[in-house]
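Peer 1: Residue strings, one per chain:
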Amino acid sequence: MRPWCITLDSVHVPDGFFNAATSVGAAGVSGATIAVSLRKAGRDLSDRVIPLAGLVSAFVFALQTLNFPVVAGTSGHLLGGALAAVLVGPWVGSLCIAIVLFVQSLVFADGGLSAYGINVLLIAIIPTFTAYGVFRAVRALLPRQKSSVVTATTVAAFLSVPLAAAAFAVLFAIGGSVDIAFGSVLIAMVGTHSLIAIGEALITAAVVSAVVGARPDLVYGASDLKGPLQLRSRPGETALEPCLESPGDGK
Amino acid sequence: MPGVPRRRKVKSNTRLFVVGGLLVALALALLVSPFASSSPDGLQAVAEKQGFADSARASKVDTPLAGYAVSGVDQPRVSSGLSGVIGVLLTFGLGFGLFAALRTFRPDGQQPESPEV
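First to last, the protein sequences are chains A and B.
Letter 61 of the first sequence, counting from 1, is numbered 707 in our numbering, and no numbers are missing.
Letter 54 of the second sequence, counting from 1, is numbered 61 in our numbering, and no numbers are missing.
The list that follows gives simulated cross-link-like pairs (lysine to any residue, SDA-like), each with its CA atoms no further than 20 Å apart: (1) B:Lys67 x A:Leu759; (2) A:Lys686 x B:Thr111; (3) B:Lys56 x A:Gly829; (4) A:Lys686 x B:Pro114; (5) B:Lys56 x A:Gly662; (6) B:Lys67 x A:Ala666; (7) B:Lys56 x A:Val836; (8) B:Lys67 x A:Leu752; (9) B:Lys56 x A:Ser840; (10) A:Lys686 x B:Gly104; (11) B:Lys67 x A:Ala673; (12) B:Lys56 x A:Leu841; (13) B:Lys67 x A:Val670; (14) B:Lys56 x A:Ala827; (15) B:Lys56 x A:Pro715; (16) B:Lys56 x A:Gly719; (17) B:Lys56 x A:Ile826; (18) B:Lys56 x A:Ala819; (19) B:Lys56 x A:Gly837; (20) B:Lys56 x A:Ala813; (21) B:Lys67 x A:Phe748; (22) B:Lys56 x A:Val717; (23) B:Lys56 x A:Gly821; (24) B:Lys56 x A:Ile833; (25) B:Lys67 x A:Asp661.
Read the hints as simulated data drawn from the structure, not as lab findings.
Input sequences plus hints: build the corresponding full structure.
Peer 2: Next up, the structure:
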């Protein structure tokens with residue numbers, strides 16, 4: 647883990663990768679988005695969601711310390727946007743990740759202070775909202791059941807990572823510290839992070855699957871599954887007969 | 008977040024669920040993260056290969072927990088595990104506090120809904 651990374655002790659964008667204008671611009675975009683999230687989060691914060699949202703922050707913090715090897719000499723770690731978006735929704739979720747980044751930057755010196763806006767944009771905002779969009783799109787294509795929540799989560803988590811990596815490449819082309827061809831940074835970032843995305847998808851799916859199994863009522867992305875199970879039949883289909891009423895069966 | 012039994016009386020168990028989840032997060036931070044990969048992460052590896060890693064400047068933040076180690080604790084795995092535990096508790100506390108405040112003082116000007124328990 648980081649204590650032995652002599653170079654940076656960091657998993658996020660450090661000071662110095664971006665010029666001042668880009669850092670300030672990203673901070674502006676991040677600040678505006680977080681302000682909208684703060685406004686929108688209120689209606690999602692029932693008494694039950696408040697401790698859960700704190701737990702999402704704590705869990706993402708813990709999972710981000712678990713760097714897993716991807717290829718020789720490279721590791722990856724969770725970003726957590728998809729996890730937060732599915733569990734508590736994109737508004738509360740983006741705030742959860744911004745809190746993690748805040749603590750990492752200010753207490754653990756991970757992620758530069760001047761790069762906080764960039765880190766919020768790349769880790770708290772872009773993955774969370776894109777993952778939520780993908781999640782909703784995939785769920786719309788699948789039957790309304792618990793397993794669809796996990797499938798949609800897996801796809802959303804997987805796609806959110808290379809998307810964030812591509813966003814980094816775009817930002818670096820705008821105001822990176824070194825003049826490198828956009829295509830070169832893009833291919834390197836998206837290539838490496840497509841492998842990391844497999845870990846993101848597996849970890850996120852495992853956690854969401856556990857929560858959906860234990861407490862589906864707490865999962866924002868499964869809120870349409872609430873309520874007792876009911877036998878329903880579509881028009882034109884034969885309704886299922888309750889077994890108890892069928893006479894003379896079996897015995 | 009395992010360790011939480013499935014019950015019919017779901018809603019009253021939210022506290023149990025959150026405590027269980029927090030214990031899992033603490034265990035991951037204390038016991039697993041000291042053994043996580045120490046290779047550079049994706050961004051850092053790309054920065055090294057693409058030749059912009061050198062433009063990184065050390066963070067100006069200087070705290071006893073900088074770099075995910077607790078200053079004064081020399082054993083690296085213990086130090087790293089303890090820093091993770093502190094981080095989990097800090098993020099939970101900050102998150103809980105912020106969201107509780109957001110519910111009380113809703114910035115969209117609406118009244119908090121009646122408690123749903």
